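Below are the chains, spelled out letter by letter.
Protein chains: 2
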Amino acid sequence: MRISELSAKSGVAIPTIKYYLREGLLHQGQQTAATRAEYDESHLRRLRLIRAMLEVGRLPVASIKKVIAAVEDESLPVHLMLGTAHYALSPAVEPEPGEDWQIARDQVDRLIADLGWAIDPRAPTRDELAQTLVKMRQLGLPIDLTPYVEAARKLVSEVEMDKIPFDGPRDAAVEALVLGTVLYGKAFDALRRMAQESESAGRLSP
Amino acid sequence: MRISELSAKSGVAIPTIKYYLREGLLHQGQQTAATRAEYDESHLRRLRLIRAMLEVGRLPVASIKKVIAAVEDESLPVHLMLGTAHYALSPAVEPEPGEDWQIARDQVDRLIADLGWAIDPRAPTRDELAQTLVKMRQLGLPIDLTPYVEAARKLVSEVEMDKIPFDGPRDAAVEALVLGTVLYGKAFDALRRMAQESESAGRLSP
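Protein chains in written order, with numbering that gives the first Met the number 0: chain S, 0 to 205; chain V, 0 to 205.
Hint data in this document are derived by calculation from the structure and do not stem from the laboratory. Some hints here could point you the wrong way.
Identical chains blur together in the list; that is why a pair holds if it fits in one copy or across any two.
Unchecked claim - Straight-line Cα separation of at most 27 angstroms, DSSO-like style, residue types lysine-lysine; simulated pairs: (1) Lys185 - Lys134; (2) Lys8 - Lys64; (3) Lys162 - Lys185; (4) Lys65 - Lys17; (5) Lys17 - Lys162; (6) Lys153 - Lys8; (7) Lys153 - Lys65; (8) Lys65 - Lys8; (9) Lys162 - Lys64.
Computed from a predicted model, the values in this text were never measured in an experiment.
Produce the complete structure using the sequences and hints provided.
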């Protein structure tokens, strides 16, 4: 298809498509004349992925470039490709110097080991969880994560992983991961607060 | 206790305490001389609550004032007092004009009715969930919230509500709600992404 059709089908404006081409986010089409190129389904899939990372993942272009490099590196196993996208979605956390941090971080590492979870030692989620545990300890909250671990494990293993099309094009798998992680995460967050309101009403209303 | 002791025990600097007193966030102490006042446990509890709303809830001072007005209005039932804090924690969502919004919002209202949940018609979580559903629909994601509803209901009814001290001082109940909602929400979010990484490793690693 021509660039005009690619634009119509993807809903992405032509100047934006040209910008993605220049930035290397979108691979070049098949050149058919000096000023004409042909695009195909792979370009549509890539535009969907870029849109997911920009609009839903709210990732900066530099992070998007890293994820796309992982998508394009066919020698990179799918698990590591997905990990690149996954880590890009994690909020940046700076370890705080001090004993509180070390205690919390050790607690996270022990939890992961006890669960037998396969988490990379450099996974940003380790620091992210540690930061929350530091705050909980400082504010005197009980730190019992068991019910949250159980809920997360159940959701992920019984529902979420089955939604990732591992066997299809690499772009589509990453897109599903980004959309699912962010949007179902938001949905759960709102539903949890709804359940809190409803339960509180049930227990306290006259 | 004197203001210096209140500061030492709460970890809040004296000028900050004076600012809270001027702003009406902290109730005045018992005046014992022209320049001297006595503070008690209720001031310590209030400072903990303010800290929770500022540092963990990241609420603006205007929202904190509203929550504290609800805490101080003893005629307001506990459920509505907690609701004030809860709603203050919700991100502000602007309904988008158009058919997509109306479909999503109807879907949310029907879901709540089907579940029999007691959610105020003006609860901001309704718009918040609708906004996520609009995005899901636009991006072609399947909208099956059942497993998320189940996970939220289980966590809230079996674990979270039991952590709110409904019978104690009003400040303490609101503090527990704010801390629990925000911090366990963050912890769950990190644990869910950890579970995704581990499950993906298990399915895809050689």
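Verification of the hints:
1. Lys185 - Lys134: both (22 angstroms within a copy, 11 angstroms between copies)
2. Lys8 - Lys64: within (23 angstroms within a copy, 50 angstroms between copies)
3. Lys162 - Lys185: For lysine 162 and lysine 185, the Cα distance is within 27 angstroms both inside one copy (17 angstroms) and across copies (23 angstroms).
4. Lys65 - Lys17: within (19 angstroms within a copy, 49 angstroms between copies)
5. Lys17 - Lys162: Neither: 31 angstroms inside a chain and 54 angstroms across chains, both beyond 27 angstroms.
6. Lys153 - Lys8: neither (37 angstroms within a copy, 42 angstroms between copies)
7. Lys153 - Lys65: Neither, since 30 angstroms and 38 angstroms both go past 27 angstroms.
8. Lys65 - Lys8: within (26 angstroms within a copy, 48 angstroms between copies)
9. Lys162 - Lys64: within (24 angstroms within a copy, 44 angstroms between copies)
Violation of the numbered hints given earlier is confined to hints 5, 6 and 7; the remaining hints are satisfied by the structure.
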